[in-house]
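Enquirer: Spelled out, the chains give:
Number of protein chains: 2
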Amino acid sequence: MRRPVSRMRPLKKIACTSLLVAVVIVVLCELTGNKWQYRMAVDIHYRMESIPYGQHDYEWRTTVLNGSMYRWKESVVRQLTKKDCKCEKEESSLRSLLNWSSVTELETAFNAAERHEVKQRREKEYQHFQQRMKTSADALLIARANSPLEYPIQGVEVRPLKSIVIPGLSLQAKYWRRYEVNVTAALGTFDVAAEVDEVTVEGAGQMHLSLSSAQVDNLNRQLQFVTYTNTIFNPNTADTVLLKTAGHQAAFTIKIRHPVIPKLYNVKSQSGYNVSALVTVATKTFLRYDKLRELISSIRRFYPTVTIVIADDSSNPQKIEGPFIEQYFMPYRKGWFAGRNLAVSQVQTKYLLWVDDDFIFASDTKLEKMVEILEKTTLDMVGGSVREVTQYSTTFQHTMSVEQGGKDGDCLTVRKGFYHEVEGFPNCVVADAIVNFFMARTNKVQQVGFDPLIARQGHLEFFIDGLGLLHVGSCSDIKVDHASKIVMPWTRQSESDRLYKGFRYIQPVEEDGRLQEKLLYFKNRLKCMKSK
Amino acid sequence: MRRPVSRMRPLKKIACTSLLVAVVIVVLCELTGNKWQYRMAVDIHYRMESIPYGQHDYEWRTTVLNGSMYRWKESVVRQLTKKDCKCEKEESSLRSLLNWSSVTELETAFNAAERHEVKQRREKEYQHFQQRMKTSADALLIARANSPLEYPIQGVEVRPLKSIVIPGLSLQAKYWRRYEVNVTAALGTFDVAAEVDEVTVEGAGQMHLSLSSAQVDNLNRQLQFVTYTNTIFNPNTADTVLLKTAGHQAAFTIKIRHPVIPKLYNVKSQSGYNVSALVTVATKTFLRYDKLRELISSIRRFYPTVTIVIADDSSNPQKIEGPFIEQYFMPYRKGWFAGRNLAVSQVQTKYLLWVDDDFIFASDTKLEKMVEILEKTTLDMVGGSVREVTQYSTTFQHTMSVEQGGKDGDCLTVRKGFYHEVEGFPNCVVADAIVNFFMARTNKVQQVGFDPLIARQGHLEFFIDGLGLLHVGSCSDIKVDHASKIVMPWTRQSESDRLYKGFRYIQPVEEDGRLQEKLLYFKNRLKCMKSK
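Chains as they are written, first to last, in the numbering used here: chain S, 1 to 532; chain H, 1 to 532.
Errors might be hidden in some of the hints.
Where chains are identical, the list cannot tell them apart; a pair therefore holds if satisfied intra-copy or between any two copies.
Stated by the list, open to error - The calculated lysine to aspartate or glutamate pairs, modelled on EDC-like cross-linking and capped at a C-alpha distance of 16 Å, are:
#, residue 1, residue 2
1, K268, E125
2, K255, D138
3, K416, D217
4, K89, E326
5, K416, D197
6, K268, E114
7, K124, E375
8, K407, E117
9, K82, D408
10, K376, E423
11, K73, E202
Just so you know, the hints here were simulated from the structure itself, not pulled from any lab data.
Given only the sequences and the hints, what does the whole structure look like? Please build it.
Expert: The structure is reproduced here in structure tokens:
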């Protein structure tokens, strides 16, 4: 009678141990947050092959040149966006004859010896930039005619490692012996949320799914249940789904990304706008404390409680005391844009107002108007106009355009003027570049940033960096005074003024005279800048 | 004989005057940069009607519930992304039972009286955010089956006020008496770059173009020449083009935008990586100068020439002297994130390395490794691991996901773990949140920013703000030491330590204890945060 018992014991042991092991595994999984399920490596290296230029541009001329019976309409052809912009100065126009237009060849800022190497490095950096920015959702796709396939062409999006039902799939065919649809993806798998009778589903949970049925209605019902699950996550990518049926093929993209988390400002609403709660005044000073004090007292006359942020890189900084004033001390001569970047980085309100330290608020410096247009429209930034002692005031409204120039870089054209007026704001227009007196969404300005390499003088550079990111407006009726730059014979120049001018307008030996051009060439990948 | 002469004189006068006038007009046009041609107002107000939630999500359940012959596959249905995330704590899971998971209801951070008003304001701000972000290119479009129309479904883009040829247009039909195609747009006009024989073109230069012919080949040739010119510019919008022919209709979008200008860094290449040319070390200090000095000397042991940027908001700041050291002085107790923002705003190199002021470099603090992975992959940021005196070191690898929650806000879930390993870098993975020791592309960190409202403690907040913007990696084999927080009985705590702890861990009366939760609720528009 012992035998069976003895046979039982080891069995029990095994049972217990395996139970124990199971428990341990479960606990481990829980502990590690199920890491194990993602144990796989993904290649996110920059690819070596370069992205062809204007890859998204259909080579239409070549496709039509064979064949006859047509005449070019030169007036239209001339207007077409080119892929090979030139840097020549346009001739025969009154503007160029009167020298109102100019072209700067940026490559020449580098000495001939280094140009080739610099250009190659720029090209490599640009390829990397492209690969970080572009996804297959940017590529050109054509919907073929007379395809029995119905499918979504835009607006399909999935969260990292999540699942969605693919909308709008169907097969519109008649009188086939058997109806079959195949879908293929690269960064995720397919499945069905429900199973329909008389439909054969192969490849559920895989990157290739095959559906077939003798009844097209059943197949279409089944197609409505097809799900896509992202399995390989790379931020900001897209999967291209291939859709096939007898003799026909279609492709569409599914965007794979996190939602961009909003950054909203919690400001109690009230009748009118609470400027102090919505706006911070930001400025940068260097030596000119007399000017700065003038500015501050002029601000206080109209806005006693608005916060003023001051970035200061003077040698022997003076403390500016007072309520709602924040002064930041930087290393000596850190520079103009570095200071602007610092000031902007410290703003806690929804909007910031940029002023130079030699501006003076007047009765028509109406910040409420700027707040109103920013609160009511989609603009990110709105400028005013700066009034000189001569009473002449400028808004510096400009538009910019970039034409493709291939490997040599693109061409930037800057024009006086604007795009259009802003409905409901008679004195306001939309432009790309404006004057140095503007109110803007704080996080948009922080996103663009002021390039700290620009030390002494710089203005347009910020708007070039902001092109494609900032939605810019300009209102001619919101004004600020500019402390005179014109020194009359009888007005004696202050000590600080003389010092300041020395630093600002006389270029130090260590500084690169053509720095700005080099930045436009390398950083912004331009080959020339035209102004018209 | 006088009469004719006398009749001639006034004529001459008229001729001369009109000639003069003409010249003046030309000059004026040139001067004004042809402003006149854009004289029109565009409505860029925020629209009143709110954007429906999940508008891009196809209501598939409703479309299929009528009809029969199918069974839900619950295992799949459970995985589907929901539009109405719940904040309940999941039951019955080991993790929740053992309290490894938690749910924070964020609305409760506000007192009951104000909740309603706060929520309404948040909703309004969110609608505005949506309207700034979204374009018609995000809406769902379906390509209909068996349409004779061929057209581009993605990848068509035009620059503000510029012209392109629309790629891929054709009509694939047979045996029609007359072939006709109509195109309609809202933000631009159509024209043809060439005219084809025996094709009637109506509406050239207008928002509606009609092409017709008796020969389909001629019509298709003509379709290859159709151009689109953007006439109404709003940054970051898209025009929806309607395409019609007998009994069929299709729609596709043309994106209207400036290119985003690249911001490339010009760093001379060399064998290996020049850390000092590529990286700036950024840190924030408050009172703990002994710790800071330890950090700096440990950095100098390995990287004697790397620039170190220090943001300092101490009460009686001490000057930290030395080569390649930049110290910035802020108003007293400006705070932790404000200081990080300042330091980051002053970095001039391609990458920045974030370190806390109580870190200490060791022989395995290999910045070259971090540079290598950033240079070779599409990552924006890569973290290391922080080693405590106990020799235990942490990478703080987490993933995050956001589920839609409708008007109440979305649900954020934070999980321990990562997405996948990085091919070619065995100890590196991709995640959404990492430890406080990381190297990153400078302009990406500046774009996300550190919310200056977070004064004393904060970490995850930065990565939440960065979700959808940052491509984050983490390498466990790149380590930095953490000056001990564990005070042994025999080690006497330094004066500065005691002061520091007082400020950091004891909450001042004026501070809002639930500030972080309020920010998540309002700024990031979340209703709850779950950790698993």
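Enquirer: I want to check one pair: K89 and E326. Are their C-alpha atoms no more than 16 Å apart within a copy, between two copies, both, or neither?
Expert: neither (48 Å within a copy, 44 Å between copies)
Enquirer: If the cut is 16 Å between Cα atoms, do K376 and E423 qualify within a copy, between copies, both or neither?
Expert: within (11 Å within a copy, 48 Å between copies)
Enquirer: State whether the alpha carbon distance between K416 and D217 is at most 16 Å within one copy, between copies, both, or neither.
Expert: neither (61 Å within a copy, 45 Å between copies)
Enquirer: Within a copy, between copies, both or neither: where do K268 and E114 come within 16 Å Cα-Cα?
Expert: Cα proximity of K268 and E114: across copies only (11 Å, versus 57 Å in one copy).
Enquirer: Pop the pair K82 and D408 into one bin, within, between, both or neither, using alpha-carbon distances up to 16 Å.
Expert: Only inside one copy: K82 and D408 sit 14 Å apart there, 48 Å across copies, limit 16 Å.
Enquirer: Quick one: K124 to E375, C-alpha cut-off 16 Å, is that within a copy, between copies, both, or neither?
Expert: Cα proximity of K124 and E375: across copies only (11 Å, versus 41 Å in one copy).
Enquirer: Treating 16 Å as the Cα threshold, decide for K73 and E202: within, between, both or neither.
Expert: The answer is between: 15 Å across copies meets 16 Å, while 54 Å in one copy does not.
Enquirer: At most 16 Å between CA atoms: does that hold for K407 and E117 within a copy, between copies, both, or neither?
Expert: within (14 Å within a copy, 55 Å between copies)
Enquirer: As a check of your reading, is K268 near E125 (CA-CA no more than 16 Å) within one copy, between copies, both or neither?
Expert: Between copies only: 12 Å across, 45 Å inside.
Enquirer: How would you classify K255 and D138 at a CA-CA limit of 16 Å: within, between, both, or neither?
Expert: both (10 Å within a copy, 10 Å between copies)
Enquirer: Pop the pair K416 and D197 into one bin, within, between, both or neither, using alpha-carbon distances up to 16 Å.
Expert: neither (67 Å within a copy, 41 Å between copies)
Checked against the numbered hints above, the structure violates hints 3, 4, 5; every other hint is satisfied.
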